[in-house]
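Hey, can you work out the whole structure from these sequences and the hints?
Protein chains: 2
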Amino acid sequence: MKEKLTERQNEILNFIKDYRRENGFPPTLREIGGRFQISSTFGVKRHLNALEKKGYVVIERNASRGIRIIQHDDYFDGDTTRVGDEFFNKIPIVGRVAAGSPILAMENIEGSIIIDPTFVKKAEGAFALRVRGDSMINAGIFEGDLVIVSPDNKGKSGDVIVAMLDDEVTVKTLNVKKNKIVLLPENDNYDPITIEDKNSFSIIGKVKGVVRWLN
Amino acid sequence: MKEKLTERQNEILNFIKDYRRENGFPPTLREIGGRFQISSTFGVKRHLNALEKKGYVVIERNASRGIRIIQHDDYFDGDTTRVGDEFFNKIPIVGRVAAGSPILAMENIEGSIIIDPTFVKKAEGAFALRVRGDSMINAGIFEGDLVIVSPDNKGKSGDVIVAMLDDEVTVKTLNVKKNKIVLLPENDNYDPITIEDKNSFSIIGKVKGVVRWLN
DNA sequence: CATCATAGTGCTCAATTGTTCACTATCAAT
DNA sequence: ATTGATAGTGAACAATTGAGCACTATGATG
Chain X
332 MKEKLTERQN
342 EILNFIKDYR
352 RENGFPPTLR
362 EIGGRFQISS
372 TFGVKRHLNA
382 LEKKGYVVIE
392 RNASRGIRII
402 QHDDYFDGDT
412 TRVGDEFFNK
422 IPIVGRVAAG
432 SPILAMENIE
442 GSIIIDPTFV
452 KKAEGAFALR
462 VRGDSMINAG
472 IFEGDLVIVS
482 PDNKGKSGDV
492 IVAMLDDEVT
502 VKTLNVKKNK
512 IVLLPENDNY
522 DPITIEDKNS
532 FSIIGKVKGV
542 VRWLN
Chain E
332 MKEKLTERQN
342 EILNFIKDYR
352 RENGFPPTLR
362 EIGGRFQISS
372 TFGVKRHLNA
382 LEKKGYVVIE
392 RNASRGIRII
402 QHDDYFDGDT
412 TRVGDEFFNK
422 IPIVGRVAAG
432 SPILAMENIE
442 GSIIIDPTFV
452 KKAEGAFALR
462 VRGDSMINAG
472 IFEGDLVIVS
482 PDNKGKSGDV
492 IVAMLDDEVT
502 VKTLNVKKNK
512 IVLLPENDNY
522 DPITIEDKNS
532 FSIIGKVKGV
542 VRWLN
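Chains as they are written, first to last, in the working numbering: chain X, 332 to 546; chain E, 332 to 546.
Hints listed in this document are in silico derivations from the structure and should not be mistaken for laboratory results.
There's no promise every hint is true.
[As the list claims (entries may be wrong)] From the structure, some residues in chain E lie toward chain X, with a derived Cβ separation under 8 angstroms:
#, residue
1, 400
2, 445
3, 450
4, 486
5, 538
6, 545
Please read all numbers here as calculations on a predicted model, not as lab measurements.
Built from N, CA and C at the ideal position, the CB exists for glycine as well.
Set out below in structure tokens:
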């Protein structure tokens, strides 16, 4: 079993994976540093050393961009299928969530959908949620749409996120102020929701995509 | 169409692919030269330049190992893949369409996307079109979104369709009146378009879905 | 409080790597 | 016979990139 990563290390590992998928080769130390405002290559190098020690990557000594990513086992099991160089990706569709039940509980699953693996990976634990209500129409998210949710990413201010609020699942734009969390609907008929009781609130994940089928 | 490679160029391209698959990153000029007993990096570089000119790779200037391998998919046959009992579906993404060119011309294709075969089948000749402009925001279709288009289905009144109008591709709601075709934008800032000259107008297909990726 | 792991700065240095030049050689096609 | 595309040498140079050191800071833990 692999050792657990710190928050920072996990961010950096994900950046390396994304970069490599987009460019076909891994980033340099300075490119990683640039992304995270780490001005010293040494700071970055130590993160890589930590990732290597914990078994997530292998670093080629003195080689530029010499980062080998070690695939997690769970990348290959379950519903991710490898065909040649491509990964096909089947994620569950969550329909109406029964109050109090874990969102991915069997009773909440209404089916599955294949999603391009360029965008979300099964390894991220992504799932699709069918949207109820019209509170996000100004963001182009309508009743019945599927939003693709990545629980690995809890979102930052301005992101569209899925949250659990008083046993209900809701899609809103996240707005973080100093000491205050506000959920913004994207519909003038609804008011922003200010989080008063942090115990009855949690962020499930960031919305990474929207899928709609007509007729 | 891609130009033919020489024997040597083909060997080198294959080596780069193999190297990348084994190591997770592309080789350096000297590593390529080492494999083929080419002592000068310049000799190797010129092979890469040739590969780039012929459209097989893209070289990142001054970047170590900066070799991007361009995938040459044949979009029009053999891209439905069977895995077990499931069919996976890869359809081309059409970006900006050059005026006067057929919409699926190679120069218009910017990539491909895997779509759940439950919704659109390759057999329908479906493709994805990247949306330009904001004329459909009230229908939840934004600039940059991908609309999934089925050319088998020319749509009926009330459907969102993709049409070719005066050498331009446009997404609108179709409205058929007796003896008149009107294209309705879904944005109050735009006016409906009444088709006067049927020669400069044709329906490409019906929009069967919308896909949007955030960040 | 002391200790340890994590995280970062600013800097130097060495190694790696890409770029370019002038020159040679082969082969196919004009 | 001359031209053009391909293929390669050897060297010098510039740019990128990784490695390492001394030092600072924070939070968790015992």
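Item to check | Enumerated hints in conflict with the structure, sorted upward | outcome: Violated: hint 4 alone.
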